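J.: Put chain B on the given structure of chain A with help from the hints.
2 protein chains.
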Amino acid sequence: MFKNHIFICSETKPPMVPSCGGTGSAEVLDAFRKEIFNSGLEKEVVVTSSGCIGMCSRGANVVIYPEGKWYTVVKPEEVQKIVKEHIIDGKPVEDRNDPPSDVLKNEVSMFQERIKMMMQDAGKL
Amino acid sequence: MFKNHIFICSETKPPMVPSCGGTGSAEVLDAFRKEIFNSGLEKEVVVTSSGCIGMCSRGANVVIYPEGKWYTVVKPEEVQKIVKEHIIDGKPVEDRNDPPSDVLKNEVSMFQERIKMMMQDAGKL
Numbered sequence: 002m003f004k005n006h007i008f009i010c011s012e013t014k015p016p017m018v019p020s021c022g023g024t025g026s027a028e029v030l031d032a033f034r035k036e037i038f039n040s041g042l043e044k045e046v047v048v049t050s051s052g053c054i055g056m057c058s059r060g061a062n063v064v065i066y067p068e069g070k071w072y073t074v075v076k077p078e079e080v081q082k083i084v085k086e087h088i089i090d091g092k093p094v095e096d097r098n099d100p101p102s103d104v105l106k107n108e109v110s111m112f113q114e115r116i117k118m119m120m121q122d123a124g125k126l
Numbered sequence: 002m003f004k005n006h007i008f009i010c011s012e013t014k015p016p017m018v019p020s021c022g023g024t025g026s027a028e029v030l031d032a033f034r035k036e037i038f039n040s041g042l043e044k045e046v047v048v049t050s051s052g053c054i055g056m057c058s059r060g061a062n063v064v065i066y067p068e069g070k071w072y073t074v075v076k077p078e079e080v081q082k083i084v085k086e087h088i089i090d091g092k093p094v095e096d097r098n099d100p101p102s103d104v105l106k107n108e109v110s111m112f113q114e115r116i117k118m119m120m121q122d123a124g125k126l
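Going line by line, the protein sequences match chains A and B.
For the first sequence, the numbering used here gives the first residue as 2, with consecutive numbering after it.
For the second sequence, the numbering used here gives the first residue as 2, with consecutive numbering after it.
Treat the hints as calculated values from the structure; they're not laboratory data.
Because the structure is a prediction, the values reported are computed rather than measured.
Treat the hints with care, since some could be wrong.
One copy or any two copies: either way a pair holds, since identical chains are not told apart in the list.
To be verified - Restricting the straight-line Cα-Cα distance to at most 30 Å, the calculated cross-link-like pairs of lysine-lysine (BS3-like) are:
#1 K92 <-> K35
#2 K14 <-> K82
#3 K125 <-> K92
#4 K117 <-> K44
#5 K92 <-> K117
#6 K4 <-> K70
#7 K125 <-> K44
#8 K125 <-> K106
#9 K4 <-> K82
#10 K92 <-> K76
#11 K70 <-> K44
#12 K35 <-> K76
#13 K85 <-> K35
#14 K35 <-> K125
#15 K106 <-> K117
Next up, chain A with everything else stripped away, as it sits in the complex (with noise of 0.2 Å):
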């Protein structure tokens, strides 16, 4: 339905505990918007906040849809080449230092059992 739609983490953690949302992520939100909607592309690319998608220590993570495409450690400045590169030339940007997405899988999946684990603590499972 749309060409692309950008999460960007905005979770928030208590005081000296990492995350997106202690590392700029409203900014990188504010960057994507602002990018987005300068090009004119507000009707085909949907820019959205995501609570915590693990690799807090990480931030800010975004995450591109459809191509499933995870970038870490985001600043505002570089904003601008993502969505030039990935969102309008279509090209996801590689030349970063992103973890390898084996790394990568692992920590998101390590996120999750993690809460599998409070759930199954809390009696939810």
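T.: Frame of chain A, contents of chain B only:
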């Protein structure tokens, strides 16, 4: 990287303003996690809350990628069916009362237009 990524809008708004958070999205989020975790799919399917994605009077709204399938007015009791059919069997559920995709796309676009105008008013664009 992941088979699916399920986003459940968890936005809350002031009293009397329709929102997914005000129509039971926390229970829908829990229901998705419960189904995914009990099915042992936590390494393949990510479940995440999201900020507002528009269509606030049709909460709880759910979007599942990479298909980009939008579900509206989702209730906890139908989550099992969505996970079984869409996630496990790979067949997005179509026999629901969701708006046609052009109506839905228009509503989400209008929501983004409103954010764009608010950012312009605030001098951010």
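J.: Does each hint fit the structure? Answer for all of them.
T.: Hints and how they fare:
In the homo-oligomer, the alpha carbons of K92 and K35 lie at most 30 Å apart inside one protomer (20 Å), although the nearest pairing across protomers, at 35 Å, exceeds that limit. When the C-alpha separation of K14 and K82 is checked against a cutoff of 30 Å, the pair qualifies only within one copy, where the shortest distance is 29 Å, while the shortest distance between copies is 33 Å. Within a single copy, K125 and K92 get their C-alpha atoms only as close as 41 Å, which misses the 30 Å cut-off; across copies the closest is 27 Å, which meets it. For a Cα distance limit of 30 Å, the shortest separation of K117 from K44 across copies, 11 Å, qualifies, whereas the shortest one inside one copy, 36 Å, does not.
Taking the closest pair of Cα atoms, K92 and K117 come within 30 Å of each other only across two copies (25 Å); inside a single copy the shortest separation is 35 Å, beyond that limit. Taking the closest pair of Cα atoms, K4 and K70 come within 30 Å of each other both inside a single copy (14 Å) and across two copies (13 Å). With identical chains, the CA atoms of K125 and K44 are at most 30 Å apart between copies only, with a shortest distance of 19 Å across copies and 39 Å within one. For the homomeric pair K125 and K106, the shortest alpha-carbon distance inside one copy (25 Å) is at most 30 Å, but the shortest distance between copies (35 Å) is not.
Taking the shortest alpha-carbon separations for K4 and K82, both the intra-copy value of 18 Å and the inter-copy value of 27 Å come in at or below 30 Å. In this assembly of identical chains, K92 and K76 lie within 30 Å of each other by CA distance solely inside one copy; the values are 19 Å within and 37 Å between copies. Taking the shortest Cα distances, K70 and K44 sit within 30 Å of each other both inside one copy (21 Å) and across copies (17 Å). Taking the closest pair of Cα atoms, K35 and K76 come within 30 Å of each other only inside a single copy of the chain (14 Å); across copies the shortest separation is 34 Å, beyond that limit.
Only within a single protomer do K85 and K35 lie at most 30 Å apart by alpha-carbon distance; the minimum there is 13 Å, versus 38 Å between protomers. For the homomeric pair K35 and K125, the shortest alpha-carbon distance between copies (8 Å) is at most 30 Å, but the shortest distance inside one copy (40 Å) is not. In this assembly of identical chains, the alpha carbons of K106 and K117 lie at most 30 Å apart only when taken from the same copy (16 Å versus 34 Å across copies).
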